[in-house]
Amino acid sequence: MVNLILKDIIIQKNTIIFYIATIILYLLVDVSPIFLGVLYSVVFIMTAFSTDEKGNANILLNSLPYTRKEVVSSKYMGALLFTSVIIFIIYLGDFFLNGMGEVFLWREILLIMGLVMVTISFILPISYKFKSKHLLMILVALVGLYLVTITILIPNLHDILREFVQNFLALQETQMYFVAILTTVILYIGSWLLSIRIYERKAF
Amino acid sequence: MENVIELQHIHKSFKGFEIKDFSINVKKGFVTGFIGGNGAGKSTTIKLIMNLLKQDSGTVSVFGMDYKKHEKDIKERIGFVYDENIFYENLTLKDMKRIIKPAYKNWDDTAFQRYVNEFELPLNKSMKTFSKGMKMKASLAIALAHHAELIIMDEPTAGLDPIFRRELLNILHELMQNEDRTIFFSTHITTDLDRIADYITFVHNGEHIFTKEFYKIEEEYAIVKGTLDLLDRETEQEFISIRKTNTGFEALTADKNRVINIFGDTVIVEKPTLEDIMYYTKKGR
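Going down the list, the protein sequences come from chains V and P.
For the first sequence, the positions run 0 to 203 when numbering that gives the first Met the number 0 is used.
For the second sequence, the positions run 0 to 284 when numbering that gives the first Met the number 0 is used.
Same shape as in the complex, but just chain P:
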């Protein structure tokens, strides 16, 4: 399967934060949810992919090309939605279009107009009157007006109300009917991903923990609940981390079948949520 984005052996250090030997791939034609806690390195990764930040070493390739030689070809095919406002506050959406449109070779005015209508965006009001959700939709309309093959979103649902969030997810769902399109989006609202993501990429502390197909996560990982007497030095090794209470323990395993073999009926095995996985992974490190 083809990769749209490949990050290989990236090193990047900041004051107080470091990414070491970081590699991820994003598959073409799928929605990849990019999860991790605050400060895990999600935004940094997205900035590396967008070439807003340069790695100290390692390679970033998008559509099989590198930024040194093909910066414009790459960006021509990327649509972006950022967490922060990137519009000129005093300009209207119409003005923003006038600025952005000539940057793209394959800008499609009718498509832009169609999405502006669909998203109910005002063309003649200044961007500072736009709510966060409207700005997100405006970014998306721009991304779709130049027929972006890869849409990269940094926390598009953060700070949106549930209605906006659901609308966004519906839009994305619709977009994925086009099979060549790839969506990569970071979020820490993991329930957003239940409805849409094909793959999950999980980072923690500047480290890539896994990239897996969503359904496989449910097959492999499990939350295990049991009484404290089941735990000893040996059995504790089976878990990523364990939370103990007076009444018993709850733990996360990355190998569900093995745990079932070891403990049999003495424990309760449940499906983990992504939040469970994030929580226990963080605890275990």
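Okay, chain V solo, but in the shape it has when bound:
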């Protein structure tokens, strides 16, 4: 299974430099590390996914001595690993560029991890079911929905989100954290199992 995770790195090895360079660039102009962490993690995970899908890599992977369970599981385990590495890179970069100033560091990390896990929990099963190019359509629809929301329905959506993030980072109650973490983990495992189910029924 480790081999399959390594495979996701090998197929993106030419773009990794590009990722790191742009992360540094964004950090220089003070883009939020939380936003960067979530964005890059999801992009990295989904690029690996769509590369597999684009060619007939799924035929290759399923002809090699791997089970379908392993192919799917490698994506979910890889997602956690890649997010950790990206968080590490971002905060390392942030430390060198902007110096140490974050008190809530571990909460930010937790928030990035959580947001990535929630996003991936929704994206992966949909992608396994429908092909990720349909995801693009869903994304376009979501952007549309988002635009409608901020212009007509909830004009102060951004303030609400910012407030949510601030509240989360300022939370003192460990119980709240515990509930949030537990919910995320359950969602992630549920999505994992669902993806295995979908993938095992697939024909190539």
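These aren't lab readings, by the way, just hints derived from the structure by calculation.
Nothing false has been slipped in among the hints.
Listed next, the in silico BS3-like pairs over lysine-lysine satisfying Cα-Cα at most 27 Å (straight line):
#: 1; chain 1: P; residue 1: Lys53; chain 2: V; residue 2: Lys128
#: 2; chain 1: P; residue 1: Lys124; chain 2: V; residue 2: Lys12
#: 3; chain 1: P; residue 1: Lys100; chain 2: P; residue 2: Lys134
#: 4; chain 1: P; residue 1: Lys68; chain 2: V; residue 2: Lys68
#: 5; chain 1: P; residue 1: Lys67; chain 2: V; residue 2: Lys201
#: 6; chain 1: P; residue 1: Lys68; chain 2: P; residue 2: Lys53
#: 7; chain 1: P; residue 1: Lys27; chain 2: P; residue 2: Lys71
#: 8; chain 1: V; residue 1: Lys12; chain 2: V; residue 2: Lys68
#: 9; chain 1: P; residue 1: Lys100; chain 2: P; residue 2: Lys127
#: 10; chain 1: V; residue 1: Lys53; chain 2: P; residue 2: Lys127
#: 11; chain 1: P; residue 1: Lys282; chain 2: P; residue 2: Lys19
#: 12; chain 1: P; residue 1: Lys27; chain 2: P; residue 2: Lys104
#: 13; chain 1: P; residue 1: Lys134; chain 2: V; residue 2: Lys130
#: 14; chain 1: V; residue 1: Lys53; chain 2: P; residue 2: Lys46
#: 15; chain 1: P; residue 1: Lys134; chain 2: V; residue 2: Lys201
Following the hints, put chain P in place on chain V, whose structure we already have.
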């Protein structure tokens, strides 16, 4: 004789295509050519054997094991060559090796290198620069590097020029010097099989027509040519199908001796090619 692959009573339905009660066996240690027209079910069968597709009912067993319990053990021993490109286009063959090698327990780097040299494959050029023939050879080098006992090929010669095709057949011929190895390959270029196949499995319309030793086909089947007045309702029953022209008829029989007994010297009996058999079988159904 031992079977490497056994498909029994397979049912599988798709939109507009169906395989019903489909059973085939592939013998160990031989080359089996798998023939049938476009859409006959060749690729579907290969996908079932590779577990890329799951049957609605029936059993697939490879090396006497089933995929539910022994998926990895089975695939460990299979080499595959597909009709379509299965490589990551932007990666080099070296990178592909890095991805594929750790999947197999008994990967042999020296064997891989030897075949890469023999097939004159570039290690550092991206797969998208490879021609179809080179990709086929790359798949074969990978299959041979993990000492696959069973090599499954889906239309390996389709779209290759005659030189590549002949090279491939020579390679396969060489491989079969190893007696434990089995090759199962589908093709619709039937002349490829003349040089190499021990058995022929013929499918038509999702149905298994026959699996026979190559030489027996020539003994049993025959193309019969004669004048139209020899045909009546009764004698027409002797043939799988008949093609009539102004000057006479040409037909295929599955029982050469019987036809010789019935018609004697009044007809010309010729050896059929596999193409003749495919053509007349399709016509007769």
